[in-house]
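> Sequence:
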Amino acid sequence: MALGYWQAKIWGLLQYPVLKALHSNSGRGGDSFWRDLEVMKLWGKHNPEESTKKILKQIKLADYITSASDRAAISSLTQFVNYDQRTGLELRHLLSGEPLNLKLANTTHKKIAFNRTDYLKEQENRLFNQIPARLRTGISEKEAKELFWWLWRCLPQAATKLLNDENLLLMPAETRIPDGSIWSHASVTAAIAGSLAGYDLTSEDVVNKWPTGKQLSHPYLVSFTFSPIQELIKASRKMGDFWAGSWILHYLSAKVCWQLAQQYGPDSLIYPSLYAQPLIDRWLLEKYPDFSSWIDPPGDQQLLTAGFPHIIILVLPKDKVAAAMQTAKSSLLKEWKEISQQVFEKLQLKENSRTWDSWLNAQWQTYYVGVPIGREDQPLTSDEIYQENENIDENQAEDPEKAQSWPDKQNELYNLYDQKALFLEKEREFLQKAGELRLQNWKRPPFSSNVGSWWSSAFEQNLSALAAVKNARDWQIPTAFGPRSTISGLGPVVHPDSNNDWISEKASKEYWQRNAGLFDGIEQLNATETVKRGLHLILPKLLKNSDQERLDAAYPDLTVGVAGYLKTGGDLDHFHRVCRTISRRLREDGKKIPPALTQPWGIPYIDDHIEPEYKRYHPRFLNAGWLVEELEIADEEVANYRHQFSQLIDQNYPNNNPADWYVIAAGDGDGMGEWLKGKKMKPYREYIAKSLHQYADHPPTETDTLEKEVQKAFADFVTLDKRIGPSTHSALSRALLDFSNQLVPYLTEQRYAGRLIYGGGDEVLAYTNLWEWDKWLWDIRQCFKGEKDPHGEFDNAGDYWQWQGEKPAENLAKRPLFTMGKRATISFGIVIAHYSVPLAIALENLWEAEKKAKEHTYKGFDGKKVKKDAVQVRVLYGNGNVLESTAKFDVFPLWQKLLAGNSDASLFEAVASLWQQHPVPMIEAIEVWVNAFSTRRENLTTDNREFQEDLTNFLKHLWLTTENDPNDLNEAVGSWMKLAAFMTRKRQIKIGDSLSCIGTQSLP
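The numbering of the sequence shown is our numbering, which starts it at 58 and goes up by one.
Derived by calculation from the structure, the hints in this document are not laboratory data. One or more hints might be untrue.
[What the hints assert, rightly or not] Ranges between beta-carbon positions, derived for each pair:
#1 Thr144 with Asp630: 53 to 59 Å
#2 Asn938 with Ile579: 23 to 29 Å
#3 Thr144 with Ser521: 39 to 45 Å
[Unchecked claim] Once the Cα atoms are required to be at most 30 Å apart in a straight line, the calculated DSSO-like pairs of lysine-lysine come out as:
#4 Lys199 with Lys403
#5 Lys649 with Lys736
#6 Lys909 with Lys845
All values derive from a computational prediction rather than experimental measurement. Glycine included, C-beta positions come from ideal geometry on N, C-alpha and C.
Kindly produce the complete structure, drawing on both the sequences and the hints.
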């Protein structure tokens, strides 16, 4: 029985009024409607806010622990901030602290201004009545669990619909430090309340006397992660393999999260946030169909985009940590077995293959660690800090060591010493003075300090411990006898001989005969790779009630970069003529057009285009080798057809084939671990409401009253760097979904003709194209930082992006969407690969490029090394050559400007050549060097002299952001000029005798 556990969570969600931030100070302290729920009436008249019962006092600590972590001593202030009748509420960005005003729709705003108390009470009563009647009146554990899910997922949506304002999702938990939403704060409070109550708590335990000697539950911060013994994503030959590897990891993680949420509540997961996650919403609607009035069913495109991480962080009761981790592991293995079995059956493989089961059973390794939130041999709270204050007033503490024993022991648990140990002098002084004032004015004892203040330390210790556990792993890849995978070189090739691990290569080739659309007759795959290759065949079963055509478009192939060519003004009619000619020849020969040539492109811009003509033919028609691979023809016919089609394609695209190059991108936020540990946070002053700045910025010169002492102490306190707490973590986890689930998909798939493969938190993995990759990359970077939108579609006030038009684009919310803020940076690797370069090699280069971008370093004016915030672009030629270009992102738009000048490719090559021969010795000489170069170029007419200015600007910035080693600078200049020449040439598609310069036009 866990009824008491769910009751505690319900109280945690509803302990304050639902619209708390809109109330005045007196209204914010009131109760929500939790007492009106039948299941909560089982507690009788007992209320954690007032009760002296041991277990309820324990549960009440959830609010204090959550608040102490996020607000530190701010809660001790006697100053208040209310919803303003003119400007509304002020928000502060979670990380950067940038301000943003939250003013509700005019009708609501006026009603709050006219009669705040009655209006808000009426709306909260209406929200209560929206709870399904059977859940309001249910008293069983099953009903309490479903009620909690409704309150957690549907109540925020119900509030936004009732007041017709999506901005309510940003409503702050604390108006004085408005950097986290009330919904995130309530969710974490519920999670901690449940962990303090204990999973096995009953209603009787709450009502009756707590048994003597019975231990109270202790909260633990737990992290679980899993990793494959064979890299799922990198070992990919086809784009479908690449997508399937990402999606399988995402799907398995989502299933683990779903199982844990079913058992312990969705609030328990601090990271990733499960709120509005497409797969979670899909399963939630399947389990609770009644929720459909508040939850929109996710679209297939959302379901097919990976985003779940492989690390999961939870808050759990100590006695359920081991059981929860066993549940996570069992769920992972169960779902993996289910996927592989479905592929096994779909491919009609023979049973009892040891090369199948033995390899798949050894695929996953799991790890977990748990860290207590506060020392278990110490109480969760202490008022010793105030006792110390009294002793100081007496000018001498009787036993200073004893007075500090509680915080000292908490510091000892997390290895905090000297300037890292809590509480720092400025915070301690403010806590003590504010506590005195509270006692003097309100006759109330000061707030006790509690373990919540050490949340960020517990979080850091948890991540460090998890890394140590992973580094100590001792597993090995199982030995493979006989032929190994031709893709990765790992694992035995799948074969049906159940009696032998080893078979000959000849026998293996016979088993791996050509199967059009799946296997080419040359490759031989191990079990994991076979599961990836067959994943698309079982999607209809995994994603019930989905559109089959959408599922067919789950991923692009390597030819669909043609979408970028067409979107930027390419000749659609000529493309159709080429495809139609090939198609007609095949039909004349009595050959069947394979599904791969008629299926959707996997590029939303094309598949969803208002003109159906765009998707009439698949661009696979433009690659003779891959086209023939899909045909059901005899092996002896393959070479002849490939030759015929190659000739035809070359005749129609004599200069460049728009399907010749594919582009993939990988980006990762820089130093996210440091952000999560709170090491990059600004001082508290940057996160408090502006109305408190006056109070903090003008402390009294004389402290002749206690009020003035508190004000001076507060002014000192807000200069300390803000600690990061559970609500901030939860809010950050939930807010990152704005970036990864809304903004990145829009930029990649609607603004540009690309496909998002993985978008989780601060990570981006995408397929883009030769014509748009640089513009897409810059837009993603600007969005990540909350900078100005290059296209002007979004307003970036407060480091949020908000759609400026009347109706936002599909799958975009109208409210301000979270970005990481101006102080955050991201680094990218970009690979532009010739179609003859195997995808596995391109992917290996992709992650190496991302790594090199993060390592890119130069010395700033202060002598310190500046790392990351960079991009490395690699061009992989078919002959094996590689062109690498690396620069800081601040330099990148200057290179783009050079590229946009429509200069001849030879001009860039001339710059590279001359720089190699005569490099500039000092930055002051760059302008002279450019002028000298320009006088030697006849094609630099007076009409395009701006090239000189652009080149000078680019070279100066590249100089300043490149290591001082001349060789590094020379290489950087040469590589970026060669890349510009490459892009200029390859974007030109010749059709017959005419040359179509693509890149400046845009289709609807």
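> Hints first: check each against the structure and report whether it holds.
Each hint tested on the structure:
A hinted range of 53 to 59 Å for the beta carbons of Thr144 and Asp630 is consistent with their spacing of about 56 Å. In this structure the supplied range 23 to 29 Å holds for Asn938 paired with Ile579, their Cβ-Cβ distance being about 25 Å. At about 43 Å, the beta-carbon gap between Thr144 and Ser521 stays in the expected band of 39 to 45 Å. Straight-line distance between C-alpha atoms of Lys199 and Lys403 comes to about 37 Å, which puts the hinted pair past the 30 Å bound.
Simply put, Lys649 and Lys736 have alpha-carbon atoms about 61 Å apart, too far for the 30 Å limit, and the pair is violated. Only pairs whose Cα atoms come within 30 Å are accepted, and Lys909 paired with Lys845 is accepted, the gap being roughly 27 Å.
Hint violations for this structure: numbers 4 and 5, all remaining hints satisfied.
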